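Residue strings, one per chain:
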Amino acid sequence: MLKTSTTDAIPDKKVNATHRHSFRLNAKDKYYAAVFLGPSLLVLGLFVFYPMLKTLYISLFLTNTLGNTTVYVGLGNYVNLISSPDFISSLFVTLFYVFAVTFFTVALGLLLANLASQKLPGIAIFRTLYSVTMGVSVAVAAIFWLFIFNPSTGFFALMSSWFNLPVMNWLTNPTSAMWAVIITTVWMNLGFTFLILLGAIQSVPNTLYEAADVEGASSNFQFFHITIPMISPTLFFVSTITIIGSFKSFGLIDMITKGGPTNATNMLVYRIYKDAFYSGNYSKSSAEAIILTVIIAFFTLLQFKFLEKKVNY
Amino acid sequence: MQSLDERTVLKRVFSYVLMAILAVIILAPFFIGIWTSFLPTMEIAKGNMFSTNVSLDNYVAAFTRTPILRYLGNTVVIAAVTMIAQLIFCSMSAYAFVFLKFRFRKTFFTLFLVTMMLPFEAEIIPNFATIKQMGLLDHFGALIIPFLTSAFGTFMLRQSFMQTPAELKEASDIEGLNHFQFYWKIVLPYNKISMITLGAYSFLGAWNQYLWPMLTTFSNNSRVIQNGLKQLKSEETFNDWGMIQASAAIIVIPTIIVLFIGQHYFKSGMNEGAVK
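Chains C and E, in that order, give the protein sequences. Numbering (the UniProt record's numbering) for the first sequence: 1 to 313. Numbering (the UniProt record's numbering) for the second sequence: 1 to 276.
In case anyone wonders, no lab produced these hints; they're calculated from the structure. All figures in this text were calculated on a predicted structure; none of them were measured in a lab. Built from N, CA and C at the ideal position, the CB exists for glycine as well. Treat the hints loosely; a few may be bogus.
[What the hints assert, rightly or not] Mimicking DSS-like on lysine-lysine, the simulated pairs with C-alpha atoms at most 30 Å apart in a straight line are:
#1 K11(E) <-> K119(C)
#2 K274(C) <-> K132(E)
#3 K305(C) <-> K192(E)
#4 K192(E) <-> K30(C)
#5 K258(C) <-> K54(C)
#6 K305(C) <-> K106(E)
#7 K132(E) <-> K233(E)
#8 K106(E) <-> K54(C)
#9 K258(C) <-> K46(E)
#10 K248(C) <-> K274(C)
#11 K30(C) <-> K101(E)
#12 K258(C) <-> K230(E)
#13 K230(E) <-> K248(C)
#14 K230(E) <-> K274(C)
[Unchecked claim] Where chain E lies over chain C, by a calculated footprint (3+ residues, C-beta under 8 Å):
#15 43–51
#16 248–258
#17 284–294
With the hints as constraints, model all of the structure from the sequences given.
In structure tokens form, the structure reads like this:
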């Protein structure tokens, strides 16, 4: 699938033909290529390819506290991880989080996009309001929601007291702490997902809906039998983007729960960070990093599969 | 006929009510955050959310008692330099992939695509060692140098550059423009919208960095705003919520402004470049 996206696909035929023409192999091109491509290759080589190989290398060894490799253990670190209940529980916590975040982000994004795609007076205001969380960074989102979840002064606590309900301490209970992180993540993701889905819904040809109107199809029927199928490539795209983003979550967890309570929100990236920079267990952390890479690479390939359709007309 | 119209009106009213309720829920964290940023912390602690004791004291405190301006300045410089560097280097490599013929072009392009599959979060241990060896710990360079270019940006610009009409290339060949001139005078201006999109994208990306700056910077001289906010939150033993909310508001307002200005470009760029 990579192969097809790397062909020198030049989109429309007219461009294609003439481009080929101007593409007489020019001896000078390789010098230009060195200048144009050199800087990027250098940076990617030093900060992406080298560290990736190095991480893979470290993951096959034991390390001392300085991070130097000592004894070659082959896949030993991976075997230890997979047989450690602690790591497996962390993996499940991460999967639950990723699944919940993706489901609610896409479902709510779709609801908002479908509503805001109606042609009504003043609809532009709602489109702007719904996309506003795109401008919120991790730390700001964490602060806003930490205040809402705060058991003594927080907004949820205040609301509970208005209705004479027992005050819940969101962040000390493992289940609700997880949901606190999920809610905050979904809220942050919503603006971007909404905008992308709105664009997709707006590009569905109007004639399809007009034909359905003539047939007397209800708007629910139209939503499930026209809108959803027509935007399914975009739905797939936002889902994979959300999955990849959630697997990499770190900032919100660091600010809201610090992986707690009792490891209830101790997700992959947080583990990688703590095992390396708190415990000094670099080989374990590297093995975890490689597992994360395999997961991310898998979902990125899925996404390329989608892009490929769109890229190579 | 009459009843049909009534139904349409009812449906519209229902739509507006539903959209308004959803808007209130989505914006509630903003409203609560910004409203409490005007209240004295004592009132917040007592749960007096509707206190009329409103003032700008928290903002004054945030600006005078905390290094938030320094954090903001650091972040603006780092994000701006990252943005300019990515615009230059991504467009250069995209140009090479579209307009230059050289050996191993496909191989290099595949390498770029592979890069997009590797999460930076998985590479922090060797990268930390590299930055340490370069003597860049706690310097702006630590936050800029690894992000001088991006495979995603190159890919996005490549998609856009491929749409440049061949007539422009022919005309510039006749004019005798070399590759540098064609790149600078024709390709970049022609793909302005994609460049603006990448600019907004890379600026916000640098602005939102959290894990990497947390590892590589530890003094106020180089700390960026995301980690600065965390610092303010954890330094305040008594949790001065009013001032913390004011700091969050100070940070969120510029990004929202950038977003509203860039929204049009962002949307069309996403549709043209990355998605389509």
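Does the structure keep K305(C) and K192(E) at a Cα separation of 30 Å or less?
-> holds (28 Å)
30 Å Cα cutoff - pair K258(C), K54(C) | Holds - the C-alpha atoms of K54(C) and K258(C) are around 28 Å apart, at most 30 Å.
Under the criterion that the straight-line Cα-Cα distance not exceed 30 Å, is the pair K258(C), K230(E) satisfied?
-> holds (12 Å)
Between K230(E) and K274(C), does the CA-CA distance stay at or below 30 Å?
-> holds (17 Å)
Are the Cα positions of K30(C) and K101(E) separated by 30 Å at most?
-> holds (7 Å)
Hint consistency between K132(E) and K233(E) [alpha-carbon to alpha-carbon, up to 30 Å] | Holds. K132(E) to K233(E) sits at ~28 Å (cutoff 30 Å).
8 Å C-beta test of the segment 43–51 of chain C against chain E, three or more residues | Our answer is that it holds, as 8 residues pass the Cβ test (under 8 Å) against chain E, meeting three.
Below or equal to 30 Å on CA atoms is what counts here, so check K248(C) against K274(C).
-> Within the cut-off at roughly 14 Å; holds.
Between K106(E) and K54(C), is the straight-line Cα distance small enough, at 30 Å or below?
-> holds (25 Å)
Counting residues of the segment 284–294 of chain C whose CB is closer than 8 Å to a CB in chain E, do you get three or more?
-> Since 6 is at least three, the answer is holds.
Does the structure keep K192(E) and K30(C) at a Cα separation of 30 Å or less?
-> Status holds; Cα separation ~26 Å.
Is the straight-line distance between the alpha-carbon of K258(C) and that of K46(E) 30 Å or less?
-> holds (27 Å)
In the structure shown, no violation is registered for any of the earlier numbered hints.
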